[in-house]
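Engineer: All chains should be built: construct the whole structure from the sequences, respecting the hints.
Protein chains in written order, with the numbering used here: chain A, 1 to 437; chain B, 1 to 227.
These aren't lab readings, by the way, just hints derived from the structure by calculation. Where a beta carbon is used, it is the ideal one built from N, C-alpha and C, also for glycine. Take these hints with a grain of salt, some might be off.
[Unchecked claim] Straight-line distance between alpha carbons at most 20 angstroms, and here's what the computed EDC-like set of lysine to aspartate or glutamate pairs gives:
id, chain 1, residue 1, chain 2, residue 2
1, A, 78, B, 20
2, A, 78, A, 220
3, A, 79, B, 24
4, A, 38, A, 16
5, A, 78, B, 13
6, A, 243, A, 279
7, A, 79, B, 20
[What the hints assert, rightly or not] Partial list, computed: chain A residues near chain B (C-beta under 8 angstroms):
id, residue
8, 28
9, 145
10, 146
[Claimed, not checked] Covered stretches of chain A, going by a simulated chain B footprint (3 or more residues, C-beta under 8 angstroms):
id, region
11, 186-196
12, 205-211
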Amino acid sequence: MDGNAPIRRSASFPPETIHEIQRAAAEGIYEIRGFGAKRRLPTFDDLVLLGASISRYPLEGYREKCATDVVIGARFAKKPLHLKIPITIAGMSFGALSATAKTALGRAATMMGTTTTTGDGGMTDEEREASSLLVYQVLPSRYGLNPRDLRRADAIEVVVGQGAKPGGGGMLLGQKITPRIAAMRALPAGIDQRSACRHPDWTGPDDLAIKIQELREITDWQKPIYVKVAAARPRYDVQLSVKSGADAIVLDGMQGGTGATQDVFIENVGIPTLPALREAVEALQELDMHRKVPLIISGGIRSGADVAKALAMGADAVSIGTAALIALDCNRPIHVADYAALGTAPGACHHCQTGRCPVGIATQDPALESRLDVDAAARRVRNYLSTMVLEAQTLARACGKSHLHNLEPEDLAALTVEAAAMAGVPLAGTGWIPGRY
Amino acid sequence: MITVDLEETSVRDLNQRLHDLPGDTNERTWTVVNPGGRHALLAGLTLPLAVTVRGHVGYYCAGMNEAADVVIDGHAGVGVAENIMSGSVRVRGNASQAAAASGHGGLVVIEGDASARCGISMKGVDIVVGGSVGHMSAFMAQAGRLVVCGDAGGDLGDSLYEAVIYVQGTVASLGADCEEQPMADADRAAVAELLARAGIAGDPARFRRYGSARQLYHFHVDHADAY
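Structural biologist: Rendered as structure tokens:
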């Protein structure tokens, strides 16, 4: 017997799978956690941009203009939004996040001339004051929904689905339900709050069109109305959203984050952002509505390169959630002992659902929340957004584009066969798009 | 009294006119004729107006109502008085699905029957139904009171939170975590008060009370069969 024989692990039953089986055996219930999908998925990293050379004419970096503005909501709304950058802050609830975190996100968005978004549970005064442009979500739970906040919003987002859990509702666990949050949601403090998976008063696209009509009537047709869908069947959902009268569509891929969802849901439902975006763009093109109904893509956007590639594929803007939280301080290696107490470590934490966020973002505990300095946090998010814009402009100029929206699929190549098929761009070094040519 | 004919005026123009009224307006009494089942009629009112609609209305009539007293002298489509905040909405006929859905306050009276999901996700509104309600009524109802003078369909009060349901007739079945509870004097007084406000005759002693068993307030494996 060789005492140095290598330990042979099972590919089917690696240590994390063994751990999960034994955890399930002990607890009898699925794991609920925060963050987004952790499995390896095709991403924008699998695409590259084709910089200009002889056949294409680049723009001078730092000197020649590369515009970044985008208008959202010009289809029907009397007051469309004019954003300075094509990056928005995604909807995240006060409840899942602390008031300080929501305020910091609002201030950062304001500094950059873009929108931030409410979430389940309604709008807080702090968030409204911090945000020059605030998108108000109308969710299935209708927690905190009221006409006063509809009117003081700058846009309305009817949420049908979320990339982390298409077809699923939500759950804010009792440990995060403070008296203030309970009052906003008209529920007892301390109980697990279920957010419904379906809207209470409409079903299907014909009803949705009438619901949108009602929201327009209540707000006198002033506000852009978005429809947010999770990436599962984006071709149908995008076209039905257009048919229903949306001013803009938000499409959230499966890398999109969550405050608390079943792990089995996060990792196994929906499709990645990359193929979802291609399907959505094609769906709009089929209706001759591409660039007429803006498409905002979200789910795993991390860098200016991701922004540039998403816009080249046909998105009008992107939205960030998890990345914005990371810029705030999520998973920063500070208060390490508190990460350990949760059974995790900086860089791997997904324990938003516990309410014990070591860096004061996904918590309602005053002591933890005080760890997040709102001014400094807002500045970090502002810096991050600014960096993303600079990165995207640099790449766009290299492709010869004077506006980020001038990027196009022709500027892209794929590094893998899978990405080529999903994104609908040629495999690098070939003219081959699997399934087409 | 001001009369608006929806054969001659659009819903948009009527709603805008009502929204533009100043708080001290003398134009407080309105009648709308020929509604023709139009949608989003009287949505988003904010002033204490008295508005009567002569005829049938479509979806979301008086949606998100605040302060106004609306009477629909006919039948109402889906989501009448959805998310009502205050004031009152009365339907003289029947109401379709999701009447008073997610209502926060005020009073909704349906003199006839209400279809499925009456009072779904209600958050404080009081609802009085002169007739019967369809299945899944008061689904995930959080706060407020639902009074049903007739019968209730299946799965009444499924996943109920703190809302209270009173039914005079039969209940086809109760939903998850909804249970019959004792009628106390305070309950009989509440039913009497709501019936009086609704102008509907009834004997509070004949009603039974249904509320949350509060067994599903915390997600627990031992309750998995209840979901």
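Engineer: None of the hints should be skipped; say for each whether it holds.
Structural biologist: For each hint, the structure was consulted:
At roughly 16 angstroms between alpha-carbon atoms, residue 78/A and residue 20/B fall within 20 angstroms of each other, so this suggested pair holds. Annotation: proposed proximity of residue 78/A to residue 220/A holds, straight-line Cα distance about 9 angstroms (limit 20 angstroms). Of the pairs offered as hints, the one joining residue 79/A and residue 24/B is violated, with about 28 angstroms between alpha carbons and a cut-off of 20 angstroms exceeded. Our distance criterion of 20 angstroms between C-alpha atoms is met by residue 38/A and residue 16/A, whose separation comes to about 12 angstroms.
Taking the CA atoms of residue 78/A and residue 13/B, the gap is about 15 angstroms. The hint holds against a cut of 20 angstroms. Between residue 243/A and residue 279/A the alpha-carbon distance is near 16 angstroms, which keeps this suggested pair within the 20 angstroms criterion. Restraint check for residue 79/A and residue 20/B: the C-alpha separation of about 18 angstroms stays at or below 20 angstroms, so the hint holds. The beta carbon of residue 28/A is positioned within 8 angstroms of a beta carbon in chain B (closest approach about 4 angstroms), and the interface hint is therefore held.
The beta carbon of residue 145/A is positioned within 8 angstroms of a beta carbon in chain B (closest approach about 6 angstroms), and the interface hint is therefore held. Hint status for residue 146/A: holds, given a least beta-carbon distance of 6 angstroms to chain B, under 8 angstroms. Figure legend: the region 186-196 of chain A, annotated as covered by chain B; annotation consistent (7 residues with Cβ-Cβ distances under 8 angstroms, at least 3 required). For the region 205-211 of chain A, the stated coverage by chain B is satisfied: 3 residues place a CB nearer than 8 angstroms to a CB of that chain, which reaches the threshold of 3.
Of the hints listed earlier, the one the structure fails to meet is number 3.
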